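The chain contents come next:
Protein chains: 2
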Amino acid sequence: MSHQSDLTNFIGAFVDELSKSGIKKVVVSPGSRSTPIAMLVKEHPHLETIVHIDERSAAFFALGIAKSTNEPVAILCTSGTAAANYFPAIAEAYYSRVPLLAITADRPHELRDVGAPQTMDQVNLYGKHVKWFVDMPLPEGSEEMARYAREICSRAIYTAKTRPFGPVHINFPLREPLIPDLKDPMKYSAGLKKRVQLSVGEKICGDEHFQMFAKEMPEKGVIVCGPMELSDEKFRKAIIRVAEVYGYPILADPLSNLRSGTREKEEIIDTYDAFLRVDHARQLLKPEVIIRFGAMPVSKSLLFYLQDHRDVPQYVIDGGQGWRDPAGSATQMIYCDEASFCLMLLKHHSNGSKRKTDWQRFWIEINNRVKKQLASITIEDLSEGKIAFYLNQLLPDQASLMVGNSMPIRDVDMYFHRTDQSIELLGNRGLNGIDGIVSTALGVSLSAKHPYLLIGDLSFYHDLNGLLLAKLYGLKLTIILLNNNGGGIFSMLPQAKEPAHFESLFGTPIHLTFEYGVRLYDGEYEKVESWSDFLEAMERAKKNEGLTVIEVFTNRKKNAELRRKMQEMISREIENWIELGK
Amino acid sequence: MSHQSDLTNFIGAFVDELSKSGIKKVVVSPGSRSTPIAMLVKEHPHLETIVHIDERSAAFFALGIAKSTNEPVAILCTSGTAAANYFPAIAEAYYSRVPLLAITADRPHELRDVGAPQTMDQVNLYGKHVKWFVDMPLPEGSEEMARYAREICSRAIYTAKTRPFGPVHINFPLREPLIPDLKDPMKYSAGLKKRVQLSVGEKICGDEHFQMFAKEMPEKGVIVCGPMELSDEKFRKAIIRVAEVYGYPILADPLSNLRSGTREKEEIIDTYDAFLRVDHARQLLKPEVIIRFGAMPVSKSLLFYLQDHRDVPQYVIDGGQGWRDPAGSATQMIYCDEASFCLMLLKHHSNGSKRKTDWQRFWIEINNRVKKQLASITIEDLSEGKIAFYLNQLLPDQASLMVGNSMPIRDVDMYFHRTDQSIELLGNRGLNGIDGIVSTALGVSLSAKHPYLLIGDLSFYHDLNGLLLAKLYGLKLTIILLNNNGGGIFSMLPQAKEPAHFESLFGTPIHLTFEYGVRLYDGEYEKVESWSDFLEAMERAKKNEGLTVIEVFTNRKKNAELRRKMQEMISREIENWIELGK
Numbered sequence: 001m002s003h004q005s006d007l008t009n010f011i012g013a014f015v016d017e018l019s020k021s022g023i024k025k026v027v028v029s030p031g032s033r034s035t036p037i038a039m040l041v042k043e044h045p046h047l048e049t050i051v052h053i054d055e056r057s058a059a060f061f062a063l064g065i066a067k068s069t070n071e072p073v074a075i076l077c078t079s080g081t082a083a084a085n086y087f088p089a090i091a092e093a094y095y096s097r098v099p100l101l102a103i104t105a106d107r108p109h110e111l112r113d114v115g116a117p118q119t120m121d122q123v124n125l126y127g128k129h130v131k132w133f134v135d136m137p138l139p140e141g142s143e144e145m146a147r148y149a150r151e152i153c154s155r156a157i158y159t160a161k162t163r164p165f166g167p168v169h170i171n172f173p174l175r176e177p178l179i180p181d182l183k184d185p186m187k188y189s190a191g192l193k194k195r196v197q198l199s200v201g202e203k204i205c206g207d208e209h210f211q212m213f214a215k216e217m218p219e220k221g222v223i224v225c226g227p228m229e230l231s232d233e234k235f236r237k238a239i240i241r242v243a244e245v246y247g248y249p250i251l252a253d254p255l256s257n258l259r260s261g262t263r264e265k266e267e268i269i270d271t272y273d274a275f276l277r278v279d280h281a282r283q284l285l286k287p288e289v290i291i292r293f294g295a296m297p298v299s300k301s302l303l304f305y306l307q308d309h310r311d312v313p314q315y316v317i318d319g320g321q322g323w324r325d326p327a328g329s330a331t332q333m334i335y336c337d338e339a340s341f342c343l344m345l346l347k348h349h350s351n352g353s354k355r356k357t358d359w360q361r362f363w364i365e366i367n368n369r370v371k372k373q374l375a376s377i378t379i380e381d382l383s384e385g386k387i388a389f390y391l392n393q394l395l396p397d398q399a400s401l402m403v404g405n406s407m408p409i410r411d412v413d414m415y416f417h418r419t420d421q422s423i424e425l426l427g428n429r430g431l432n433g434i435d436g437i438v439s440t441a442l443g444v445s446l447s448a449k450h451p452y453l454l455i456g457d458l459s460f461y462h463d464l465n466g467l468l469l470a471k472l473y474g475l476k477l478t479i480i481l482l483n484n485n486g487g488g489i490f491s492m493l494p495q496a497k498e499p500a501h502f503e504s505l506f507g508t509p510i511h512l513t514f515e516y517g518v519r520l521y522d523g524e525y526e527k528v529e530s531w532s533d534f535l536e537a538m539e540r541a542k543k544n545e546g547l548t549v550i551e552v553f554t555n556r557k558k559n560a561e562l563r564r565k566m567q568e569m570i571s572r573e574i575e576n577w578i579e580l581g582k
Numbered sequence: 001m002s003h004q005s006d007l008t009n010f011i012g013a014f015v016d017e018l019s020k021s022g023i024k025k026v027v028v029s030p031g032s033r034s035t036p037i038a039m040l041v042k043e044h045p046h047l048e049t050i051v052h053i054d055e056r057s058a059a060f061f062a063l064g065i066a067k068s069t070n071e072p073v074a075i076l077c078t079s080g081t082a083a084a085n086y087f088p089a090i091a092e093a094y095y096s097r098v099p100l101l102a103i104t105a106d107r108p109h110e111l112r113d114v115g116a117p118q119t120m121d122q123v124n125l126y127g128k129h130v131k132w133f134v135d136m137p138l139p140e141g142s143e144e145m146a147r148y149a150r151e152i153c154s155r156a157i158y159t160a161k162t163r164p165f166g167p168v169h170i171n172f173p174l175r176e177p178l179i180p181d182l183k184d185p186m187k188y189s190a191g192l193k194k195r196v197q198l199s200v201g202e203k204i205c206g207d208e209h210f211q212m213f214a215k216e217m218p219e220k221g222v223i224v225c226g227p228m229e230l231s232d233e234k235f236r237k238a239i240i241r242v243a244e245v246y247g248y249p250i251l252a253d254p255l256s257n258l259r260s261g262t263r264e265k266e267e268i269i270d271t272y273d274a275f276l277r278v279d280h281a282r283q284l285l286k287p288e289v290i291i292r293f294g295a296m297p298v299s300k301s302l303l304f305y306l307q308d309h310r311d312v313p314q315y316v317i318d319g320g321q322g323w324r325d326p327a328g329s330a331t332q333m334i335y336c337d338e339a340s341f342c343l344m345l346l347k348h349h350s351n352g353s354k355r356k357t358d359w360q361r362f363w364i365e366i367n368n369r370v371k372k373q374l375a376s377i378t379i380e381d382l383s384e385g386k387i388a389f390y391l392n393q394l395l396p397d398q399a400s401l402m403v404g405n406s407m408p409i410r411d412v413d414m415y416f417h418r419t420d421q422s423i424e425l426l427g428n429r430g431l432n433g434i435d436g437i438v439s440t441a442l443g444v445s446l447s448a449k450h451p452y453l454l455i456g457d458l459s460f461y462h463d464l465n466g467l468l469l470a471k472l473y474g475l476k477l478t479i480i481l482l483n484n485n486g487g488g489i490f491s492m493l494p495q496a497k498e499p500a501h502f503e504s505l506f507g508t509p510i511h512l513t514f515e516y517g518v519r520l521y522d523g524e525y526e527k528v529e530s531w532s533d534f535l536e537a538m539e540r541a542k543k544n545e546g547l548t549v550i551e552v553f554t555n556r557k558k559n560a561e562l563r564r565k566m567q568e569m570i571s572r573e574i575e576n577w578i579e580l581g582k
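Line order of the protein sequences matches chains G and D.
Numbering of the first sequence is given in our numbering, commencing with residue 1 and proceeding in unit increments.
Numbering of the second sequence is given in our numbering, commencing with residue 1 and proceeding in unit increments.
To be clear, the hints were calculated from the coordinates, so they are not data collected in a lab.
Just so you know, these numbers come straight off a predicted model, no measurement behind them.
There may be inaccurate statements among the hints.
A pair counts as met if it fits within one copy or between any two copies, since identical chains are not told apart.
[Claimed, not checked] For lysine-lysine, the following BS3-like pairs were computed, each having C-alpha atoms within a straight-line distance of at most 27 Å:
id : residue 1 : residue 2
1  : K497      : K193
2  : K237      : K371
3  : K300      : K286
4  : K286      : K558
5  : K234      : K497
6  : K356      : K20
7  : K183      : K557
8  : K497      : K187
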């Protein structure tokens with residue numbers, strides 16, 4: 001067989017298996033060494049190709065698609081720094097458990113480590129931040145090797161989407177010439193079926209565990225729900241039912257998505273970040289058991305709450321078999337599918353009927369009071385908090401809102417409360433980077449009905465390149481860009497108390513307004529300096545089927561001041577109420 | 001001792017040693033965890049801090065400074081994806097042997113691998129792509145640990161600048177609170193001297209080697225000079241002298257910087273990329289020995305030349321102890337300081353007087369003839385080749401020209417010929433990525449008298465973020481942006497013969513014109529569509545002390561066509577001449 005038919009056979013089998021194993025989209029960054037894979041992907045009737053020049057943004061874009069669909073997405077690039085640019089998104093995918101398949105082209109062995117151009121050591125390139133790595137052999141034309149290529153592809157995809165979901169990396173050494181046979185590439189793999197099916201059982205703890213768990217459930221329990229990689233309807237229903245039956249409050253991180261479609265569910269507590277900052281409240285709300293699901297919530301005061309109560313049993317339920325305990329407070333790790341765990345708790349409950357406990361009522365009462373206080377932000381003309389507060393009304397039903405890291409996610413945590421609208425909240429909370437957020441949001445936009453992004457200026461700048469895809473593929477996204485000229489979060493941290501170097505090292509104003517940056521990519525640009533501006537811009541954005549960037553000018557110092565005032569007010573409210581209750 | 005004094009002592013010792021061991025600049029990307037290091041760096045009287053939000057660009061910026069000064073530069077970032085964003089520049093630094101010191105902040109051990117925010121496994125984060133990695137202990141206040149911090153810092157810097165130069169990585173786990181004592185931070189390390197000095201000997205092969213080498217030098221020798229990490233005057237003079245004494249031609253890659261200040265040195269051959277494409281010429285120019293210095297030159301026809309003559313002795317001299325032989329043609333690796341090697345060759349030459357050999361004259365004759373042909377590009381109105389051809393006249397004396405990868409470096413290879421001007425050429429040829437080029441050029445600009453960058457549109461887009469520093473620090477740089485709307489190099493590759501998917505996978509037009517991108521960063525923008533436009537814009541740029549971007553609109557297809565025509569003409573010329581000579 002010729003070099004070309006060997007190449008086409010081997011790579012063709014791999015590429016065909018991508019499709020057969022469930023990959024629908026391949027995000028390709030152009031390069032020469034990856035030519036045979038790119039061409040055969042492009043030729044494949046069931047694979048959609050999206051081309052992106054910047055590999056860093058490309059990988060985050062794929063992450064966004066995978067995150068919103070919970071299906072693996074492939075990324076393909078050439079050798080050298082191209083592959084290194086994938087690293088931030090790969091690491092984020094690993095820690096936030098998003099299925100990604102990174103395919104990199106490499107030089108053949110005889111060109112490795114001999115100073116050949118664009119050649120780096122790509123074996124185990126991403127270290128421990130992928131679930132599986134395979135350095136492929138050079139293409140061979142035998143049926144046996146086509147079978148092998150299919151098997152690696154299939155295993156890679158299964159691995160990516162077996163819990164804990166995550167990235168895998170396949171590296172392909174390729175020798176020139178790199179052009180596959182495009183006359184009839186499918187003939188090489190026609191008729192070949194996906195060979196191996198994988199069945200993965202659910203992790204289920206049996207009755208014997210639950211006789212213990214259920215028996216140990218005292219009156220004062222607290223459920224904590226953080227960001228979940230599998231936030232399915234089954235779990236959602238089950239956990240709310242558990243809260244009702246056991247009479248527990250659910251402390252729901254915004255990315256648990258339990259604040260949407262649940263306006264009437266008072267047991268879902270959505271202002272704990274504010275009131276758990278009050279030492280007195282943390283003590284008063286001492287639980288007898290804590291049951292935690294998902295990744296660690298964003299709220300730092302919740303972390304303190306968990307740490308304050310290390311003396312009570314704290315269960316961490318994780319079907320993805322992690323060790324999510326940054327508070328160092330867990331007493332029992334439970335590797336069990338989360339929905340099953342809830343159903344078993346319900347099954348083993350003594351009578352299964354709803355109960356309102358004093359304990360739960362106490363949480364609901366505080367939550368309602370604090371929520372009223374937080375609503376006072378609405379009297380401000382324009383602030384970052386007010387925007388977060390009104391988002392649950394301003395966004396259309398079935399909107400998807402990607403939330404940037406640093407301040408946006410914290411504002412959303414504090415101000416985005418339970419709503420009847422169905423609004424999906426997403427974030428990159430694996431590593432909480434400010435990088436790649438624009439691209440992730442654009443990836444999410446592919447499957448979202450009404451895609452939105454809430455982001456700060458530094459983060460928007462960091463991934464400005466991501467906007468290229470909005471232009472080239474006509475993607476729809478409305479970006480609410482909070483421009484406070486720098487890193488707002490630092491004004492809330494102890495660094496702010498050290499005036500020396502604060503602005504230069506932490507405030508870091510970059511003095512950009514982004515009109516030109518948006519126009520570069522043919523987006524609609526809206527400049528907003530008042531609340532009414534903002535409302536109008538949001539309305540106009542709804543009618544735009546492409547990219548809209550609403551740049552809202554806010555003030556870091558004023559934001560910090562407002563937060564402090566708000567917190568003082570809440571502390572007083574709680575102290576007064578506690579005083580009354582005595 | 002308090003936590004704060006422990007922190008200040010330990011980090012202060014490390015930071016002070018940065019300065020004592022020769023670091024002058026620290027490029028800081030903002031973050032919380034890195035606070036104590038950033039603050040103490042900022043406080044240090046002899047360290048200059050440059051702040052950059054995008055860690056990817058920040059690391060390339062530092063690479064540019066280090067590349068142009070051959071002195072290590074430190075980069076500092078916080079934990080998580082921030083550190084992952086350094087990866088492309090770190091890998092480039094490793095393969096192009098540029099001294100960099102990457103300092104990353106990390107969570108303390110009790111917060112590692114437990115789902116804490118912004119926490120990834122940073123131990124050996126960059127794998128084999130750093131020369132040395134140290135995971136530091138938590139700060140301790142003892143004198144012994146201050147000594148240790150100094151020693152690690154000193155060793156790291158020595159390691160980065162011991163040949164082969166390269167990046168090192170120091171990771172600092174840090175526990176909150178993160179604020180050091182800024183009242184008098186230097187008191188903690190005042191009086192402490194740099195402890196260890198390192199003396200590194202030169203690699204020198206003794207007389208016994210050279211009795212053999214010099215004896216084996218036949219008449220028909222060829223010297224090849226690729227990009228060198230240490231292109232010092234000593235080597236430059238010595239290699240030219242070797243060529244004169246032995247009567248050998250020097251095939252000089254543009255990044256060898258042997259084409260500058262050497263207009264009269266005819267033995268320096270600067271058009272070999274064009275004529276070695278002619279099979280007949282490669283055979284006719286069969287050498288008896290090849291002596292190679294530096295990294296592999298960009299020219300692919302030179303690679304073929306080396307491979308065609310695997311039967312003759314080929315020496316690769318590398319004081320950096322690599323294995324730079326992608327042609328698989330070396331017969332002898334010689335780990336010896338390059339300048340010393342030349343001096344020894346001269347010492348062992350039979351009489352030491354210059355000789356013009358027929359062999360050398362033959363090369364000079366071809367070179368002159370081909371150069372005349374290449375000059376016919378000057379009759380074009382505007383083309384990428386013509387710009388490269390005239391750069392050696394248009395740039396001011398003592399200019400520094402950073403050259404982008406893909407087509408710019410190839411155009412420069414073909415068209416930038418020997419000149420009397422002193423023009424320093426630089427490129428990122430470790431991994432030849434199109435990423436980070438703008439930032440590298442800005443880094444170079446800090447020490448350059450007249451800094452220029454020649455770059456294509458995809459590469460410019462890729463690192464548009466790099467321009468932020470030009471704005472914030474008022475840096476001077478003139479960018480000649482060749483916008484041919486896509487990846488020009490692919491039109492020269494076999495991929496171009498496959499019309500299916502060519503534009504979508506390889507041509508990849510991004511349809512951007514960069515006026516808005518430049519205005520975003522307050523740069524001067526020049527739009528150029530004719531040769532006279534270009535000349536005027538270049539003149540205006542000389543007067544601008546800040547950023548100028550001259551966007552030159554060219555055409556990929558026309559460029560490829562022109563290259564083909566030029567090559568045909570050169571082939572004919574050579575064949576005719578060979579015919580005549582028979």
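**Message:** Hint by hint, where does the structure go against what was stated? Just the numbers, ascending.
**Reply:** Going through the list in order, the structure violates hints 1, 4, 5, 6 and respects the others.
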